[in-house]
Each structure stands twice: as structure tokens, then as C-alpha cells.
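> Just so you know, the protein sequences line up as chains A and B, in that order. The first sequence: position 187 = 187 (this note's numbering), numbered continuously. The second sequence: position 203 = 203 (this note's numbering), numbered continuously.
Because the hints were derived from the structure by calculation, they are not lab data. This structure is a prediction, so every number in the text was calculated from the model and none was measured. There may be inaccurate statements among the hints.
Listed below are the simulated EDC-like cross-link pairs for lysine to aspartate or glutamate, each with C-alpha atoms no more than 20 Å apart in a straight line [what the hints assert, rightly or not]: (1) A:Lys-205 to A:Asp-264; (2) A:Lys-47 to B:Asp-239; (3) A:Lys-28 to A:Glu-168; (4) A:Lys-47 to B:Glu-88; (5) A:Lys-294 to A:Asp-331; (6) A:Lys-232 to A:Asp-24.
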Amino acid sequence: MSTAATAAPKPKLKTSAMIASFADPGQKTTPAPFGHALVKAAQENEKIVGLTADLGKYTDMHIFAQAYPERFFQMGMAEQLLFGAAAGMAQTGLVPFASTYSVFAARRAYDFLCLDIAEPNLNVNIVGGLPGLTTGYGPSHQATEDMAIFRGMPNLTIVDPCDSVDIEQAVPQLAASEGPTYLRLLRGNVPTVLDEYDYTFELGKAKVLRGGNDVVFVSSGLMTMRALQAAKELAAHNVDVAVVHTPTIKPFDAGTVLAEVDTDRLVVTLENHTVVGGLFETVAGAAVRAGIGKRIVPVALPDEFLEAGALPTLHERYGLSVGRIIRTVLDAL
Amino acid sequence: MSRRSRVEAAAYRMRHHVLNMGQAQGQGYVGQALDAADILAAVYADQLRYRADDPEWEGRDRFLLSTGHYAIGHYAALAEAGIVPVAELETYGSDDSRLPMSGMSTYTPGMEISGGSLGHGLTIAVGTALGLRHQGSPARVFNFLSDGELDEGSTWEAAMGAHHHQLGNLTAIVDINALQADGKTDSVLRTEPVADKWAACGWFVQRIDGNDVAALLAAFDAAAAQAVPEGQPSVILCDTRIGRGVPLLEDREKAHFMRIEEHEWQICREQLTAGYEGDTK
């Protein structure tokens, strides 16, 4: 009899992966919505080209590269070159979509985005993978402050899509808009959520997805998916929740959002981003500017470097899970 | 008039423009503009295809000034090329001028990019060359950069990228005046052996005296001879002398930002003219 047979079985470890899914088990998803949407947009606009910095496969740019190899440019693991070259291509009349991870775009290539793309207001579309907390790999790859960094950049449009519907509808609008854009990319098998609502993505617009008498959620990105789930579950607690989805962070649709904020309901912002400089401060700033003085509760990542680990563990730990959202709301009411 | 005489005459006029702009402003990157005048004259008076009355002409060759602080020299070249009126040069660096101290594409006709933050130009040039080639344009791309910019890692990202993509339509021009903000280049960050570095990155390398117009024209001709859309990118390494053409400034203690007293400007102009007339006699 071996000793191994009598030892207690080791608990199965939850492990982290670079590319972790935040979709729930069994949730409807759509494969590589960005890559397919870019191919479709490129069919109609021959000026569209794709670039990446050694992350084509991990930003769904490989779909475009396979469809249009002659319109795809591999720039190597060189993010400064990626965005400088994208600027140069835009100056010749092309419409580049340039992809890398959000951390490298926001932290490493900022100077190139700012001076070569944003200042001359070129139509370069920055595509950033792993926005906020969408990998358990640790701070090197967790772009928890990307919106805070980018919101201060003049001319830049910032889009934080919820799901595959947002991404598919956003891509042609990003290509058509004149100046630079930053897309917080969700890649791989991306949840499909907003098809169940009377909703279309409009660049620069917030949309009320559902009404509710007690609480208003103002959310962007994947947190809109969580907000909708939490709203459904809060009904069991006799809490009626409205959800306003604001996928365009800048320019911000203050009109639509403040019409919902300026009521007697509890206002909660939900974002996949640090509480510093993102959606919470955008909403709070707009409210104060409009003379609305009221409490706004943030659901956001803490102002700290996050731990590595399995994504569900981390979303629970840092308050982004549906269960944590519900507790935050019940505590605040 | 020979090609060489034509370029030398252009460089001479440009140096006068530089001194006039420097005096009006009371300061400026006069030393660099004087050292680069022969290069810029060769580019604008001999190499570049452009339309003075249509600076945005699609078929133009692109000249990308990476070193924003050399704008004073570039404005002199744009005036010589007829793109900017000579009379406008005196507004250099003033409020509401189209000619800011650091070159900006959004301000000045003929200025393709905004410099200032160094190490950007060659990355943009790679994209410009890729974009033009992709759209079937025969236009060439020239990027003027300084030896100080060789400190920046982005320059080498772009150097590798240009070779990887076989950008034969791209020519880099490096002004090696061996001086940067904190002092001599070899005391700030040693960049030599410069030619070996570019060669290792796969470029066609020439190193010349950047104040010798005949050598400049020969190097540009050699670069042009192999400027095919799919080919080796080309770099011309130009050793230059700060303040070139004005002995008073050539002999002054070398400084990134040169101070010139009010009474000295006329001496500078006289020395410049005497030198040019002495050479051309």
C-alpha cells in the first residue's frame, strides 16, 4: 500500500492564465468580434489597415491579417514604432487600427500617441487588449489605470465596450470618426449580452438599458454585463435598479447620464478600472459641474497594484463580481 | 550654374535667414541651423520633389524633421523653397506666428511632423514610407535626425522596422554635430560606432562631411540610385560643425543653446558673406 493512496487529495488549485475569460459558464459568446468586425469594415473601406506589435493573435488582429495579408503590418514588439508608424500611415490617408495590450499603449507608448497621433488629430484607432482587470497575470499586464491616463489626452475618443454587440457596432464608427480613438478591447470568446435589449451602439452616446425606481447603475465595459446581472438579482431583494450604459467615456454623454443621476435614487457607478480617474470621476465631475450635489457610490478597482491570481478570485476580491456588487448596493441603501 | 554652386548659394542664403531670425528672437538654435544648412540646401534645392504653391501635393517627397529645435533652419529652407514667404521669417518664435520655436505640422506649411520630443521622426517615417508604398506612390521619404536622437530606443525600433519591411523609399539623414543638451555626445551617451550600428540594422550606410556640398550630392545620388520601393533603406551620416560658415560661432565654446550678443549679429553676417565670397571667387 503506497503512502500516496492514503494521503488526503490536494485541493484543485485555481490558476491564473494570461488570457482568462470573464464570461460566465454557459454564457452566450461570440468568437473574435473585433477581428471579424474589422474585416467587414475593411471590405467597405479600402483605406483601413491593421498593425500590431507582436500581439496579433492575442488581440484578434490575426483574423484581419488572414483576410487581408497585404493590408496587415507586423511591427514587432516595438510599441513606439507601432504608434509612430500608425501616425505616418494615417498621414498618407490610410485608416490604421493598431493593436497591443492596453498597458503597453497607455504606459509605454504614451508620448507617441499623444504627440504623433492626438495632437495632429489623426484617424488612428488604438486597440488595447486586457483593459482593466481582465488578466490575472499581475500588474505588468493589468491596465487598471488606462482610462485615467488617456482621459487627459486632448482629441482622443475613449470607448469601453460591454460585449460583442458593442464591439461589432463600434468598429465601423471608430473607422468613420475623424480623430484618434482608443478601444478597450475584449477578445476571444466575448460575451453577447446587449442583443437582448433594445440597444444600438452610437459613438458618444449613453443608453438607458432598463429602468428602475430605487437605484441607478451607471456603467461601462464589461461591468455593464455585471450591472445587468446584479440588477436582475437585486429584484429578489425588492430593489428596483435602472442601468445606464455609457460605452463612450470621452467625449462623455453627460446629458443622458445626468438626467438619470439627478433623481432621488441611489447612484452607483461600475467600471473595470481604478477608482481614480475613470468612470466614477467622470460622472462625479459632470454632476458637480451641473450643480448636482449628491452621493455617488463607486464600484471600481482599488487604488493599488493588484495581485496575480485566477480572474474570478480577483473579481470577487476587488469587488467586481455580481455578488460583491449586490452587497455594495444593499450596504449603501 | 552647377548643381554644387546652386546648392551652395542656397545654403548661403539660408544661413543669412537663420542669422536674421536668430537676431529678431534674440536667441535660438542658430548653431545647429548653421551646421545643417548645407544638408537642408541639398535636400530642398536638389533632391526633394515638391510644389511650392501646393505643399500638400499628394505626389510630393516627404521631408520629416525629427529634431523640432532645428525648425529655424527648416524655416530658412522652406523660405528658400518658396513654401514660406521670406518676409514671414521675422515672426519666428513670436506669438501667433506660423513659425514656432519647435517645428509643428499643425502650424507650418511644408512641415510634415511635429518634432520636439526626440526619437519620434524615424518611427513616423517608417509608417509614411509603408503607407506611400502600399498605395503605389513613387514618392520618397527623408527623415532628418540628430546624433542625440540615437540615444532614444525608439530610433532603433524604427531602424529595425525599416529594414524588416525593406523600405527602399526611406532615407535617413543623421546630423552628427557631436553635441547634445548636456555636452559633447561622447560624454553624455557614447553612440559611436554609429556607422556600424546602422549597418548592423541592415541599412545602406554612407558617412560624409555634412558641410561638403559635393560630398552631400554624391551621397544623395548614391542613395537615390538604390531607392526602390522594396529594398534596403539608406542612411547618410553627416559629420557637421556647429555654427558652420561663421567663424565667430564655430570657434565659440560649443553650446546646445548658443547665446549671441546684440552687437555680434552683424559680425556674424559679415563673416558669413566674406567666407562665401572667398570660397566662390
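> Hint by hint, say whether it matches the structure.
Consistency of the hints with the structure:
1. A:Lys-205 to A:Asp-264: Measuring from Cα to Cα gives roughly 23 Å; hence the hint is violated.
2. A:Lys-47 to B:Asp-239: Violated, because 40 Å separates the two Cα atoms, which is more than 20 Å.
3. A:Lys-28 to A:Glu-168: Holds - the C-alpha atoms of Glu-168 (chain A) and Lys-28 (chain A) are around 15 Å apart, at most 20 Å.
4. A:Lys-47 to B:Glu-88: Roughly 37 Å between the alpha carbons, so the hint for Lys-47 (chain A) and Glu-88 (chain B) is violated.
5. A:Lys-294 to A:Asp-331: Answer holds: Lys-294 (chain A) to Asp-331 (chain A) is near 17 Å, not above 20 Å.
6. A:Lys-232 to A:Asp-24: 15 Å, holds
In this structure, the earlier hints numbered 1, 2, 4 are contradicted, and the remaining ones agree with it.
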